[in-house]
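One-letter residues, chain by chain:
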Amino acid sequence: MAFIELSNLSKVYGTTTVVENVNLSAEKGEFISFLGPSGCGKTTTLRMVAGFELPNTGNIVLDGTDITNLSPRDRNIGMVFQSYALFPNMTIGQNIGFGLQTRKLSKTEIKEKVAEMLALVHLESHIDKYPYQLSGGQQQRIALARALAINPAVLLLDEPLSALDAKIRVELRLEIRRIQQTMGITTIYVTHDQEEAMLLSDRVMVMSQGHVEQIGSPSMIYNHPATEFVAQFVGQLNLLPVSAVDLDAATCTVAEQTVHFETAAGREPGESPRLAIRPEELHIGLPATDEEVNVLRGEIASVLFLGAIVRLRVRVNDVFITADIFNERDLTFPRTGDEIVLNFSKHACWLI
Amino acid sequence: MKRGSFWSWLWVAIGGLYFFLPLLSTFDFSLRAKKGILTFVAYENIFKDPQFWSTIRFSLVIALFTVFFSILLVVPTVYWIRLRLPQLRMLVEFISMLSYVIPAIVLVFGLIRVFSGSPFYLTNSYFGTYVLLVAAYVVLTLPFSFRAIDTGMSAIDVRSLTEAAQSLGAGWGTILFRVIFPNLKVAILSSVFLTLATVIGEYTMASFIIGLKSFGPYMSLVGQNKTYESSSITIISFLMTWALMMVIQLFNRTKANNGTHSGGR
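Residue numbers (the working numbering), protein chains in the order written: chain A, 1 to 352; chain B, 1 to 265.
In short, the hints are calculated from the structure, not lab data. A few of these clues could be false.
Ranges between beta-carbon positions, derived for each pair [unchecked claim]:
(1) B/Ser125 - A/Tyr13: 45 to 55 Å
(2) A/Ser71 - B/Phe177: 12 to 22 Å
(3) A/Ser71 - B/Thr151: 24 to 34 Å
(4) B/Phe94 - A/Ser162: 30 to 40 Å
(5) B/Glu93 - A/Val303: 55 to 65 Å
(6) B/Met246 - A/Gln181: 52 to 62 Å
(7) B/Arg159 - A/Gly184: 27 to 37 Å
(8) A/Leu247 - B/Gln87: 50 to 60 Å
Example chain A residues on the side facing chain B (calculated, C-beta under 7 Å, incomplete) [said to hold, decoys possible]:
(9) Phe87
(10) Arg103
(11) Ser106
(12) Pro279
Using N, Cα and C, we set each Cβ at its ideal position, and we do this for glycine too.
When you get a sec, could you build the whole thing from the sequences and use the hints?
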């Protein structure tokens, strides 16, 4: 049996359904991210797990116990907020010790646990400071230490890095992963940042408009998106108009050129299909002779330098295609108007 | 001096004169109890009057009770509205402002009419009238206490702090007394001092409910009967109010300097 299980979870506000029939099973020690755009219901789902919202239908089982109607204080769940939510009137030590005090631990135990938690987040010297004396990143580490101090069964993080600048965000997400793995704690992480979700998670639950689009490992979500929404939301994706689709031969016409695509179960195209292909799957130049490689000829419409990646916008008979190539120090950049040949494997594209 | 700066200072000076000239004149008049010399004899007379001390003591005690019950009523109310019933905020704010709109004389007659009969009979005993007076003052000072606490509450992330405390195992009592109240220290103090300043010198309600026992009616009586003492007591009550205002400023400045209440963000 799964360690935490959400079954048919729904939440309705007035006439608006914000979470619809969410099902999820997570094993002990697993790191799961809820990923989706604003308003997709990911935070509401997390808040139902925390006990701050009651579901209209469905239940939540934690380690064999139904906690659906339990108050937040009785759930033994640690929570980290986007706004840190450190108590401004308490020192860092008092903040971390707060949950231990409510559990009536002895002063010696509290002192030891606070020291242990501060060491875990590498902020030992800040024990007597107040939250306002710390930077945003440090405050969030303290919030993490405070949530972990009570030895929670599950750790919930609600967009914990959104309020931080880019550099700190990158540092802190690695820190979160390190701590989670050190403690082996089951973690649910809410984010709208796909990179964050990919990097941190064992599994990602992609949500849209209140329902689950797909649950799977980051590579599964990226390489085998179950729906058009997932394909478009996670990573970059070209969606090219097609004609003359022959499903038996697995061919279609894109910008007046024949393309072979991959057919697979669960990837049946919709009524007005389009060819989906990720920009990094497109390569420049003619391939070594191989029947299974598609070739498109066009001209460069624009070149964008993104550091590690150079993003080309290619026009193929009035169809625009984005192609990413890796930057190299001695790379000669194509120029706008240059003729270009793109090739890609039939396994790299599919019909949506 | 820059041209803009000159005009700014001119307006400040005109405003200052408008405010201070009557005060200076009152102060000057209060010193002329004896012909031909300036003397503090009017102040001496006031300070020697046992009724001055008994009324001010009485009003201070009533004010402290008002403060206590006002905080007990307003803090949890504002907290709950911000946490669970934000849609009611406008309504409660409107209700809190009613004592501004309804003249005190109307309010006091209404109170006496309702609470002197069955089933309350509050005006039948001294204790009952004290209760009525404190309750009336809680209503009268609602605009100050509600605003001060509401502003203080808006400066902290009430919802996140509450939820953080809940997830750490805290009950409502712990949340209110260990998390919310300490972070509202400055707002509560502002509310306390504004309430004190209002209640100590209040006349209308005090004179109808309790009479000459309290400071407001005493000031009025002195004003009617003693020419120079009435000016001196005006100055004394002004000084008392200013002292309270300065204490508020002092607390606000301390807050601004250490920033300990700047919220959980």
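Results of checking the hints against the structure:
1. Range check, B/Ser125 to A/Tyr13: Cβ separation about 51 Å, and the 45 to 55 Å hint holds.
2. In this structure the hint that A/Ser71 and B/Phe177 lie 12 to 22 Å apart at CB holds, the actual value being about 19 Å.
3. One distance hint, 24 to 34 Å for the beta-carbon pair A/Ser71 and B/Thr151, holds here, with the actual separation near 30 Å.
4. The hint said 30 to 40 Å for the Cβ distance between B/Phe94 and A/Ser162, and at roughly 36 Å that hint holds.
5. In this structure the hint that B/Glu93 and A/Val303 lie 55 to 65 Å apart at CB holds, the actual value being about 58 Å.
6. The hinted window of 52 to 62 Å between B/Met246 and A/Gln181 holds, with their beta carbons roughly 56 Å apart.
7. The supplied range of 27 to 37 Å is met by B/Arg159 and A/Gly184, whose beta-carbon atoms lie about 31 Å from each other.
8. The given range of 50 to 60 Å is respected by A/Leu247 and B/Gln87, whose C-beta atoms sit roughly 54 Å from each other.
9. Interface hint at A/Phe87: satisfied, since its Cβ lies 6 Å from the closest Cβ of chain B, which is below the 7 Å cut-off.
10. At its closest, the beta carbon of A/Arg103 sits 6 Å from a beta carbon of chain B; the interface hint therefore holds under the 7 Å criterion.
11. Hint status for A/Ser106 relative to chain B: violated, with the closest Cβ pair at about 16 Å, above 7 Å.
12. Given the 7 Å rule on beta carbons, the hint for A/Pro279 is violated: about 38 Å separates it from the nearest Cβ of chain B.
Hints 11 and 12, counting from the list given before, are not met by this structure.
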